[in-house]
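Enquirer: Chain residues, written in single-letter form:
There are 2 protein chains.
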Amino acid sequence: MNRTLLAILKILAKENKIIGSKEIAKKLKMYGVNLSERTVRYHLKILDERGLTKVFGKEGRIITEKGRQELESASTVEKVGFIINKIETLSYLSDFDIDSCKGKIIVNLSYIPKNKLKKAFQAMEYVFNSPFVMSNKILFIEEDNNNIVVPDNHVCLGTVCSVALNAILLKHGIPVISRFGGVLEIRDGQPYRFNALISYDGTSLDPLEIFIRGKMTDVSGAIKNGYGRVLASFREIPTVCLEKVKEIYSEMQKKGFQGILMFGQPNQPLLDIPVGIDRIGIIVVGGLNPVAAIEETGIKTYTSAISTLYDYQAMVDFKEISDNLK
Amino acid sequence: MNRTLLAILKILAKENKIIGSKEIAKKLKMYGVNLSERTVRYHLKILDERGLTKVFGKEGRIITEKGRQELESASTVEKVGFIINKIETLSYLSDFDIDSCKGKIIVNLSYIPKNKLKKAFQAMEYVFNSPFVMSNKILFIEEDNNNIVVPDNHVCLGTVCSVALNAILLKHGIPVISRFGGVLEIRDGQPYRFNALISYDGTSLDPLEIFIRGKMTDVSGAIKNGYGRVLASFREIPTVCLEKVKEIYSEMQKKGFQGILMFGQPNQPLLDIPVGIDRIGIIVVGGLNPVAAIEETGIKTYTSAISTLYDYQAMVDFKEISDNLK
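Residue numbers (our numbering), protein chains in the order written: chain A, 2 to 327; chain B, 2 to 327.
Please note that a few of the clues may not be correct.
Note: identical chains are not told apart, hence a pair may lie in one copy or across any two.
To be verified - DSBU-like mimics (lysine-lysine), calculated; alpha carbons at most 30 Å apart, straight line:
| id | residue 1 | residue 2 |
| --- | --- | --- |
| 1 | K247 | K119 |
| 2 | K59 | K18 |
| 3 | K30 | K119 |
| 4 | K105 | K30 |
| 5 | K15 | K225 |
No lab work stands behind these hints: they were computed from the structure.
Use the sequences and the hints to build the structure in full.
Expert: Structural data, given as structure tokens:
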């Protein structure tokens, strides 16, 4: 029984009445599961076949007694997922092709209250004109669609996740080792040192979400006067891949991507962080810096980092949406 | 140049005027450095000798030009400290003896606003009567002393840190491996599963502080109706030590300590978390559960987990202070 099926069963057990797939999809967000209504229906059919749920009327479902028993026994063995697995899974599943700029890319999803939208976009404007963002493309989703459910009175903002870089390099046969999410101190506009680090393979919470929640960033200061703290991550590549990585990155830059702030030297620590043997450290900006800037103004967002795969062609220029809101 | 010397230099550079050791000690807290005025004076003398600071009048110091240069170059190599090092260092340095109940024990320090003190103690009362606390002894410090500086309008609360268990076992030659800090879901009063985990060797922020800040606990629910979420940690001991650990733990219980919620089986996962070969998992309560309970009522505290070593004999019964406040 996978996490999604369990989450759906949990919702049905909690509601204890007939509910439809659309409502289930909305409630799933509370469990950190992002699914389209269509995918929810697919999972509901599996549950029906196993006798754990029962159809009532048009699309409505209710949990069966067998479903309740399954829920009780199954959830004891439900595992805590570690972030590194999410990174590796989505990197593998992404089919974004840098040459054609087509395919599904990894995005972070944030939900912004509608009545704070103008202020939020003002706060992000300078971030999208800075080096501390992966791309100036965003997803701007106002109503539910096949892939994303948007909670009432909110708008969904998608930003290109920095793990998209891993996915692009992986498609070229280059393995990127994601080590730490961190808060990077900026002085004189340059990376100076990490103030905080959390290892991706040792946490079930996304490090960048932790730093945003803990109010540890000062993206605004970093951009406006060159002194501040931005979200960044520390990764490693095999030394043998360096030239190829630079070549692909230069191609990425032509297509409007950026994000690598520093390359280290083979076997040499980068900003005091040691690397593995025959590896080179790289420092990559966090895709959530625009969202950190929103939170710095006191607006609360609900954010899910390294969230999902989304069609890159559906993304639009930040400026386009921003100008419309003015 | 160690972190303390650097922090003192930073304060002097920022103030840019003559300041005394008492004021420096207070400001050091902002850098997470807990030192007595006396220890600050000791460090200032080192800085004087190196020509980095200069004495002005009675106890006042100012930073020299050489001090500024040193600060600039030294802080680039200042390292981010990982929590596991703090755990191992304090476990080794603690000289608390369980038989005589004398010596320095590891404590967490929290600062509570004076005007919220009564409410805070009410919130903690049921925690100190529950299994989710290491000991019913606390430090209650209202004014600066040789070891602790108390910020204005605050009171310092010290709770026995769960790492004290590591220290006691280490004195008996038993190595404890601290793996994860976590949020432990309680059902029917029993540990059910971990909701979140962060590895101690992969984070520069204390996991339990992160969970408190992120409002992920429900200590109140866990105690009042048996369903909730408490702070806990996952550790491992070598299988060969099990009997000895149980023997020492039983001695600890006689002296008023508690905190081990579960012992696993050799080589067997405990609450789904796999252990190393020939090791046994144990689940230990977080020493900060009383502080989590305070935060759950909406009172903001400033907390430093696994903070410092303090004379156990200076600790008093929670009830004694609590009764006085009623």
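Enquirer: Classify it for me, K15 with K225: is the Cα-Cα distance of at most 30 Å met within a copy, between copies, both or neither?
Expert: For K15 and K225, the Cα distance is within 30 Å only across copies (21 Å; inside one copy 48 Å).
Enquirer: Using 30 Å as the alpha-carbon threshold, which applies to K247 and K119: within, between, both, or neither?
Expert: Neither, since 37 Å and 61 Å both go past 30 Å.
Enquirer: I want to check one pair: K30 and K119. Are their C-alpha atoms no more than 30 Å apart within a copy, between two copies, both, or neither?
Expert: Intra 24 Å, inter 38 Å, cutoff 30 Å: intra-copy only.
Enquirer: For K59 vs K18, is the C-alpha pair at or below 30 Å within one copy, between two copies, both, or neither?
Expert: within (14 Å within a copy, 76 Å between copies)
Enquirer: When no copy is named, should K105 and K30 be tagged within, between, both, or neither for a Cα gap of at most 30 Å?
Expert: Close inside one copy (21 Å), not across copies (47 Å); limit 30 Å.
In terms of the numbered hints stated before, the structure departs from hint 1 and from no other.
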